[in-house]
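Q: Hey, can you work out the whole structure from these sequences and the hints?
Residue numbers (the numbering used here), protein chains in the order written: chain B, 1 to 373; chain V, 1001 to 1373.
Don't take each hint at face value.
Distance windows between CB atoms, simulated [to be verified]:
| hint | chain 1 | residue 1 | chain 2 | residue 2 | range |
| --- | --- | --- | --- | --- | --- |
| 1 | B | G304 | V | Q1269 | 45 to 53 angstroms |
| 2 | B | G304 | V | A1157 | 38 to 46 angstroms |
| 3 | V | R1076 | B | P369 | 38 to 46 angstroms |
| 4 | V | L1194 | B | P271 | 47 to 55 angstroms |
| 5 | B | G304 | V | P1097 | 30 to 38 angstroms |
| 6 | V | A1236 | B | R210 | 52 to 60 angstroms |
| 7 | V | V1333 | B | W80 | 39 to 47 angstroms |
| 8 | B | H92 | V | H1126 | 50 to 58 angstroms |
| 9 | V | D1234 | B | T121 | 37 to 45 angstroms |
| 10 | V | P1034 | B | W80 | 55 to 63 angstroms |
Residues of chain V placed beyond 10 angstroms of chain B at every Cβ, according to the derived structure [to be verified]:
| hint | residue |
| --- | --- |
| 11 | E1052 |
| 12 | E1088 |
| 13 | R1149 |
| 14 | H1156 |
| 15 | P1366 |
To spell it out: a stretch of chain B is covered by chain V in this simulated footprint if at least three of its residues, at any positions, have a beta carbon under 8 angstroms from a beta carbon of chain V; those stretches are [as the list claims (entries may be wrong)]:
| hint | segment |
| --- | --- |
| 16 | 16-27 |
| 17 | 138-149 |
| 18 | 152-162 |
If you're looking for bench data, these hints aren't it; they were derived computationally from the structure.
Quick caveat, the model's predicted, so the values are computed rather than measured.
All C-beta atoms in this analysis are idealised placements derived from N, C-alpha and C, irrespective of residue type, glycine included.
2 protein chains.
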Amino acid sequence: MAGLANRLINRPILASIRTEAFRHNLNRVRELAPESKIWSVIKAKAYGHGLEGAFSGLESSDGFALLDIEDAQWLRTHGWQGRILLLEGLFHEDEVPIAAELRCDLVVHCETQLRWLEAFTPHSGHPMNVFLKLNSGMNRLGFTPEQYRTAFHRLHATGYRMHHMTHFANADQVDGLPSVGAQMECFMTSTEGLEAPCSMGNSAAILWHRNAIGDWARPGIMLYGASPTGQHADIAHAQLEPVMQLCSEIIDIQDIKKGERVGYGGRYQAPENMRIGVVACGYADGYPRHAQDGTPVWVQVADGALGVVCPLVGQVSMDMLTIDLRAVPAATVGSRVELWGCHVPVDDVAQNSGTIGYELLCALAPRVPVRIE
Amino acid sequence: MAGLANRLINRPILASIRTEAFRHNLNRVRELAPESKIWSVIKAKAYGHGLEGAFSGLESSDGFALLDIEDAQWLRTHGWQGRILLLEGLFHEDEVPIAAELRCDLVVHCETQLRWLEAFTPHSGHPMNVFLKLNSGMNRLGFTPEQYRTAFHRLHATGYRMHHMTHFANADQVDGLPSVGAQMECFMTSTEGLEAPCSMGNSAAILWHRNAIGDWARPGIMLYGASPTGQHADIAHAQLEPVMQLCSEIIDIQDIKKGERVGYGGRYQAPENMRIGVVACGYADGYPRHAQDGTPVWVQVADGALGVVCPLVGQVSMDMLTIDLRAVPAATVGSRVELWGCHVPVDDVAQNSGTIGYELLCALAPRVPVRIE
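A: Structure (structure tokens):
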């Protein structure tokens, strides 16, 4: 922890960001989508990993896709010359000139945004790139098929460089409705004859619907080494590597007797005399409070990668969680613990908590120090 | 949003921290625990509210209780002269002189910490305050009843100013095991004859177990206006006020037809033709991905407090959520929305998401701008 500098840190929790894993995962995307350019999606502070590590590991991307114009500015300040896509476009009209100055590509998903762009004349004379969003069935953002063609012509006529875009609701599911096929059909019909590059595929499409990627792929979760479905087994074949490793330490050990209970609500009851390890990580660090008894937690038993997976027991509290140490007699106060990363896939923690890895990664709390490796 | 300065913000999401509500809630604590001094618990960056607003609203506390020594330093830098309690004590021996210099009171919960303090001689000559933690049944941190008395004598003999401390597992539940009564009995027996001030009561004890508070109360969640049980109805009588208000805007509206589906997985299916509002708030802002259809979202329909509560429909995504606008024909792109705060108790959102308000407040994401009012 000594290298963390400047911050006065006592709690032993730490998130490490492995930039080498970013590079590896981006290469895997390129192998899976060799015909496409790659928007690396780094919204939500790079899914909780922080912009700095993501920029460092993903600098060979064709562009970065994000949400906050503040993050676009950060990239420009740090020397990024390539393309930047604002995934939800602009939220207020007065941002149009700022986005133009930052040379951002803009998603346009509604009539209000369209009018702002019609009313704008860029100072530079350079035409801006627009990704016009079609609502092909997800019913979140985008123009309906009926509105789409007119919207395209209006922006094209105003001088914007046009691109088509849509988003899939179920590229990670076999039988979800609407299906990728139905959305693709809607997309093809709506864009027919409107010549422009297109962007469709998210991580799930890149992995499982290679006909539905388009000229610009938009990988997100797979760059971080987690699964679009929330099931680690589903991406085992894709050979992705986890980027974030969340570690902490055992800060106390309780020897409890058969029948005694652990933590809030006394949720866990000891089936025999046993040792309970208290780990300095709780839901205010971003660990899910929903985690059930049995959620895997890795405890190091010797230098290096030698360790044992122990089950979480008892309700996760704000700053701590408790684990069953029966399988690790060698564990002591100070033993290193991995909450997720190389030994415990974040998706396995998510699955034990009724959610997906995305949510856990994004939820990493500001109080957890981050180290870029 | 203009007053936010310095940050280049486009997304319309904003968390407001009402310092007046902090003051009101602290007064309520004093009325409920008139005999006790008050440790205001501001760990986890003041339960997600940020130290600045909490310090401003709670400066009449007798002391602040927290976890990160960095936060203790922040308080001293900002002029706090009163007491500070490190709720989990120290994590490494080299922090002992730092904590002494910052004039922190220390929890001591295990043998390792006890040895560090025995080995330390304060430069100032001022004795440090120690809160010795008894594990009276929660089985998380603390000395067992068998170890406690010896630990007390050792620290007392070394010259520390001693206090007793324990923590309840079920002060918010009627029939949870171990009960408050059982823990109290254990506490009384273990501390008998060891003269020292004691600290026991958390928010739940202050609200429902007034005989179990002690000389130093430790209110946390109630200072933020949420319920220890996770049920808003349980604190209605206590007249607490919500401190955080999380607001955003509608950024798109979809007119969908009967039978169409909304969002990832197509979870929600329209029972009739209807309007869907897309709100700029998702799980990467800290809104719970677990939120079920029907979770209340307040939509403003005119200036001031005039609004309508609409049900959330469809899976919460990373940056957006979708609501049923049938009850609000006046809603447009740009309409203001409250996710939780004055119109929607955070506990009601939590209850619809299988968790408690604590988790939601702490999970407020770093990308959400905070305004102190």
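Q: Indicate, hint by hint, whether the structure satisfies it.
A: Each hint tested on the structure:
{"no.": "1", "hint": "G304(B) x Q1269(V): 45 to 53 angstroms", "result": "52 angstroms, holds"}
{"no.": "2", "hint": "G304(B) x A1157(V): 38 to 46 angstroms", "result": "42 angstroms, holds"}
{"no.": "3", "hint": "R1076(V) x P369(B): 38 to 46 angstroms", "result": "20 angstroms, violated"}
{"no.": "4", "hint": "L1194(V) x P271(B): 47 to 55 angstroms", "result": "34 angstroms, violated"}
{"no.": "5", "hint": "G304(B) x P1097(V): 30 to 38 angstroms", "result": "33 angstroms, holds"}
{"no.": "6", "hint": "A1236(V) x R210(B): 52 to 60 angstroms", "result": "56 angstroms, holds"}
{"no.": "7", "hint": "V1333(V) x W80(B): 39 to 47 angstroms", "result": "31 angstroms, violated"}
{"no.": "8", "hint": "H92(B) x H1126(V): 50 to 58 angstroms", "result": "55 angstroms, holds"}
{"no.": "9", "hint": "D1234(V) x T121(B): 37 to 45 angstroms", "result": "58 angstroms, violated"}
{"no.": "10", "hint": "P1034(V) x W80(B): 55 to 63 angstroms", "result": "59 angstroms, holds"}
{"no.": "11", "hint": "E1052", "result": "13 angstroms, holds"}
{"no.": "12", "hint": "E1088", "result": "7 angstroms, violated"}
{"no.": "13", "hint": "R1149", "result": "18 angstroms, holds"}
{"no.": "14", "hint": "H1156", "result": "22 angstroms, holds"}
{"no.": "15", "hint": "P1366", "result": "5 angstroms, violated"}
{"no.": "16", "hint": "16-27", "result": "violated (count 0)"}
{"no.": "17", "hint": "138-149", "result": "holds (count 6)"}
{"no.": "18", "hint": "152-162", "result": "violated (count 0)"}
Of the numbered hints given earlier, the model fails hints 3, 4, 7, 9, 12, 15, 16, 18; all others are met.
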